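K.L.:
Sequence:
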Amino acid sequence: MQLDRMTKAIIGDLNSGLVSYGGVLVPRKMKVTFSDTEGVPGNRKPSITLQFEVGEDRLKCVSVVLTASKDTQDIRSTILREINVDALAIEAFETVALERKADGSNEVRPARLEVGRAAAKKLADNVNQLTAEELMHIGFHYSNPANSKSPTQAVWKALGYGSRHTAIRRIQAARDKGWVLSREATPEETLQHFEEVKRRMEQNG
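If you read the sequence shown in my numbering, its first letter stands for residue -12, the second for the next number, and so on.
Worth flagging that the hints you see were computed from the coordinates, not collected in a lab. Here the structure is a predicted model, which is why all the values come from computation and not from measurement. Heads up, the beta-carbon is just placed ideally off N, CA and C, and yes, glycines get one too. You may find that some hints are simply not true.
[As the list claims (entries may be wrong)] No more than 20 Å apart at the CA atoms, straight line, and that leaves these computed lysine to any residue pairs for SDA-like: (1) Lys47 with Lys88; (2) Lys109 with Gly9; (3) Lys47 with Gly9.
[Stated by the list, open to error] Here are the simulated distance ranges between beta carbons: (4) Leu(-10) with Leu178: 51 to 59 Å; (5) Gly149 with Asp73: 21 to 29 Å; (6) Arg187 with Gln(-11): 42 to 50 Å.
Can you make the complete structure from the sequences, with help from the hints?
P.N.:
Spelled out as structure tokens, the structure:
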């Protein structure tokens, strides 16, 4: 993705550590910057910095910063509409991705574009790719009356997610697909739902 008249740079923060995913290694943190060095002072576009992180099972944008100065235009909604965060996330990942020169080797090289792009798309889409089995287990543990005091904690620990934040996102995904009831559900409704999920799990062996 390119913004008119702006210079783009993609930088991986090697000091943040490397994450292995989809056959590639990437810095845990990376950023994309846009700067206008060609425009007339006073009419240049504001600079833009997007920060991305690879965490557990997702590629996420953690900040977008636009900076205006005496040499730039004011920040307007038009420039915000030009920023495609999802496309930049994938581009940043595939640009800084590394792959080992050989299996078991400690030497790395820039990953082939198709390899980095495939891993980036898989990571970006991962939260939407929950299996029916995982959704069912989320529904089971969240709805279990024995876990009523802390259902999120129960899902987090039972399914081995790396953080509470991941558990919350997965629970919401399960709720969107009907495996977890709304927060307004009564105890009786939740119990009935639990029994239904339990029955379906038993049927699936």
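K.L.:
Now tell me, hint by hint, if it's right for this structure.
P.N.:
For each hint, the structure was consulted:
1. Distance hint between Lys47 and Lys88 is unfulfilled; the C-alpha atoms sit about 28 Å from each other, more than 20 Å.
2. In summary, the hint linking Lys109 to Gly9 is supported, as the alpha carbons are separated by about 8 Å, within the 20 Å threshold.
3. For a cut-off of 20 Å, the pair hint linking Lys47 to Gly9 stands: about 16 Å separates their Cα positions.
4. Between Leu(-10) and Leu178 the beta carbon distance is about 54 Å. The supplied range of 51 to 59 Å therefore holds.
5. Roughly 23 Å separates the CB atoms of Gly149 and Asp73, a value that falls within the hinted 21 to 29 Å.
6. A beta carbon spacing of about 49 Å between Arg187 and Gln(-11) agrees with the range 42 to 50 Å that was offered as a hint.
Of the numbered hints stated above, the single one contradicted by the structure is hint 1.
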